[in-house]
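**Student:** Starting from the given sequences, assemble the full structure and let the hints guide the process.
Chains A and B are the protein sequences, given in the same order.
The working numbering applies: residue 1 is where the first sequence begins, and numbers increase by one.
The working numbering applies: residue 314 is where the second sequence begins, and numbers increase by one.
Derived from the structure by calculation, the hints contain no laboratory data.
It cannot be assumed that every hint is accurate.
[Said to hold, decoys possible] When the alpha-carbon atoms are kept at most 20 Å apart in a straight line, the in silico PhoX-like pairs for lysine-lysine are as follows:
| no. | chain 1 | residue 1 | chain 2 | residue 2 |
| --- | --- | --- | --- | --- |
| 1 | B | LYS556 | A | LYS238 |
| 2 | B | LYS484 | A | LYS238 |
| 3 | A | LYS9 | B | LYS412 |
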Amino acid sequence: MPFNRKPQKFNAAIKSVVIGSGDKTVTLGGENVLPFYAFDGEIKNGPKVGVEITDLGMEGEPESVKAYYEGAATMGEIAKKAAAMEGADFLCLRLAGGDPNGLNKSVEELIETVKEVADAVDVPLVVEGCKNVEKDSELLTKVAEVLQGRNVLVMSAREEDYKAVGAAAGLAYSQKVGAESAVDINLAKQLNVVMTQLGVNADSIVMNVGSAAVGYGYEYVVSTLDRIKAAALSQDDKMLQMPIITPIASETWNVKEAMATEEESPEWGSQEVRGISMEIQTAAASLASGSDAVILKHPQSVATISKMIQELM
Amino acid sequence: MAKFVTIGERLSVTAPTVNKAFAARDEEPILKRAKQQLDAGAVYLDVNIGPAENDGEDIMKWAVELLQSNFDNVPLALDTSNKKAIEAGISVYNRSKGKPIVNSADAAGRIEYVDLAAANDAIVIALCNGEGIAKDNDERMMYCQTLLERGMEHGMEPTDLWFDPLFLVVKGMQDKQMEVLECIKMFSDMGLNSTGGLSNNSNGMPKNIRPIMDSALVAMAMMQGLTSAIVNPNDLRLMETIKSCDVFKGNTLYADSYLEL
Chain A
1 MPFNRKPQKF
11 NAAIKSVVIG
21 SGDKTVTLGG
31 ENVLPFYAFD
41 GEIKNGPKVG
51 VEITDLGMEG
61 EPESVKAYYE
71 GAATMGEIAK
81 KAAAMEGADF
91 LCLRLAGGDP
101 NGLNKSVEEL
111 IETVKEVADA
121 VDVPLVVEGC
131 KNVEKDSELL
141 TKVAEVLQGR
151 NVLVMSAREE
161 DYKAVGAAAG
171 LAYSQKVGAE
181 SAVDINLAKQ
191 LNVVMTQLGV
201 NADSIVMNVG
211 SAAVGYGYEY
221 VVSTLDRIKA
231 AALSQDDKML
241 QMPIITPIAS
251 ETWNVKEAMA
261 TEEESPEWGS
271 QEVRGISMEI
281 QTAAASLASG
291 SDAVILKHPQ
301 SVATISKMIQ
311 ELM
Chain B
314 MAKFVTIGER
324 LSVTAPTVNK
334 AFAARDEEPI
344 LKRAKQQLDA
354 GAVYLDVNIG
364 PAENDGEDIM
374 KWAVELLQSN
384 FDNVPLALDT
394 SNKKAIEAGI
404 SVYNRSKGKP
414 IVNSADAAGR
424 IEYVDLAAAN
434 DAIVIALCNG
444 EGIAKDNDER
454 MMYCQTLLER
464 GMEHGMEPTD
474 LWFDPLFLVV
484 KGMQDKQMEV
494 LECIKMFSDM
504 GLNSTGGLSN
514 NSNGMPKNIR
524 PIMDSALVAM
534 AMMQGLTSAI
544 VNPNDLRLME
554 TIKSCDVFKG
564 NTLYADSYLE
574 L
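**Tutor:** What follows is the structure in structure tokens.
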């Protein structure tokens with residue numbers, strides 16, 4: 001009997017969310033098949049790769065990252081180089097310096113950096129806060145305001161601050177809103193429910209359902225991504241059909257495997273290679289499990305993951 | 314597993330306002346009742362125009378077009394003994410939100426409604442009845458087999474026959490209740506879909522009791538594998554029970570606001 005191929009068809013699809021303005025836009029989501037199941041149906045947009053820079057510039061970055069950005073002295077110049085990275089679809093500015101437990105930069109100072117970066121490049125932009133709920137409520141509201149018209153993705157609204165961030169980014173200034181939950185599928189859905197009840201258009205939400213570096217509870221990330229895609233496609237769950245973005249760099253470069261020097265762990269080999277490897281593996285696994293976009297920082301990771309996506313499509 | 318499919322029963326000629334509205338092609342009362350049911354979470358709406366021997370085709374076309382154009386192509390169950398009226402309804406039916414349901418066939422005089430559904434790529438409610446109520450589950454399953462074979466002979470997918478065990482009234486047939494529930498389990502074990510007029514069970518009971526009985530029965534029936542029911546979606550207790558059971562069965566993913574969805 002001849003083999004009879006039966007494509008798995010869903011009567012549901014992930015929503016398409018566009019970020020960016022003018023002729024530089026990128027569309028996240030839109031697929032109606034499981035991750036990379038191009039044999040079941042055409043994958044509309046394909047996963048996207050973002051390059052992360054932070055307001056701290058090159059401070060604390062690995063040597064080979066610094067080497068890539070050599071000669072870039074200002075945030076504007078750094079942004080330009082990041083946007084030009086091979087395989088980059090969008091740029092992500094993370095405002096790490098705003099953390100009250102760290103540098104505690106003022107909102108005004110950070111907004112200057114945001115403006116400088118936004119003025120330097122015309123690629124689609126994602127702006128991440130500093131992870132402190134109180135500071136982010138104020139900071140991200142301001143970010144949404146000053147970038148009006150750029151159609152950026154503001155990350156993120158969480159359970160604690162979705163009203164402030166969601167209302168500013170999603171309602172007042174018509175940006176796209178990240179909805180962030182920490183590897184909790186029920187909360188991921190709930191956040192989308194309450195944000196839409198607040199009035200944010202379901203087509204303006206991108207989920208960040210949490211991440212981890214491989215080896216650090218990553219199984220939960222995979223099962224969360226899996227279950228979300230399954231509910232979105234096979235159960236037509238409208239409150240889980242938002243595309244998923246997963247920040248990778250901010251997780252993988254802070255773990256022991258990436259941080260330990262060769263003097264500390266000679267048996268592990270080159271620190272640089274380890275760091276890149278952690279980033280690539282985590283990104284590949286996230287994409288295979290259902291992320292529609294990943295945020296990376298090392299040029300080699302960006303090029304590799306972008307090539308992987310192209311070849312699997 | 315797919316979510317439980319509720320079929321809203323309130324557009325029926327048994328309600329005098331609806332009967333009058335169908336006869337006079339009065340849009341307002343029909344749209345009002347349809348909206349109430351959809352707002353409450355009904356998936357399908359049943360359109361029961363009665364026997365409608367004279368102008369059934371015209372009424373059904375009018376109703377299908379009226380409802381689908383006002384409510385984003387809401388999927389409908391076409392409920393009448395007038396076969397021509399069902400065909401007329403399907404001829405103007407938009408399938409983008411789901412196939413039409415033919416309501417209903419049985420294993421005796423109404424078996425041709427299966428053929429009608431097959432010819433029109435529709436779903437059919439297949440009542441496991443012959444002449445009169447089946448006396449036990451052996452008889453019910455015999456009718457189920459007859460209906461299933463009929464459908465498959467005509468090229469239907471088995472999942473497009475939604476088997477109705479016929480819910481029986483507690484007041485008078487209390488001793489038959491577990492049998493009906495066991496029958497649903499048999500459908501489910503065969504991988505078949507099922508539905509039925511669940512509120513039959515509480516016929517004749519005081520108004521305040523009926524939602525309680527209906528909710529308890531729907532929970533037990535969903536445990537047995539019931540995949541759909543023809544219900545009053547404006548019964549809040551019942552709808553909350555169905556949504557909760559969908560969570561327990563893994564048909565929907567829990568979120569704190571699950572009752573509002």
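**Student:** Now tell me if each hint is right for this structure.
**Tutor:** Taking the hints in turn, this is what the structure says about them:
1. For the proposed pair LYS556/B and LYS238/A, the alpha carbon gap of about 15 Å is at most 20 Å, so the pair holds.
2. Proposed proximity of LYS484/B and LYS238/A is contradicted: the alpha carbons are some 41 Å apart, above 20 Å.
3. Our distance criterion of 20 Å between C-alpha atoms is met by LYS9/A and LYS412/B, whose separation comes to about 16 Å.
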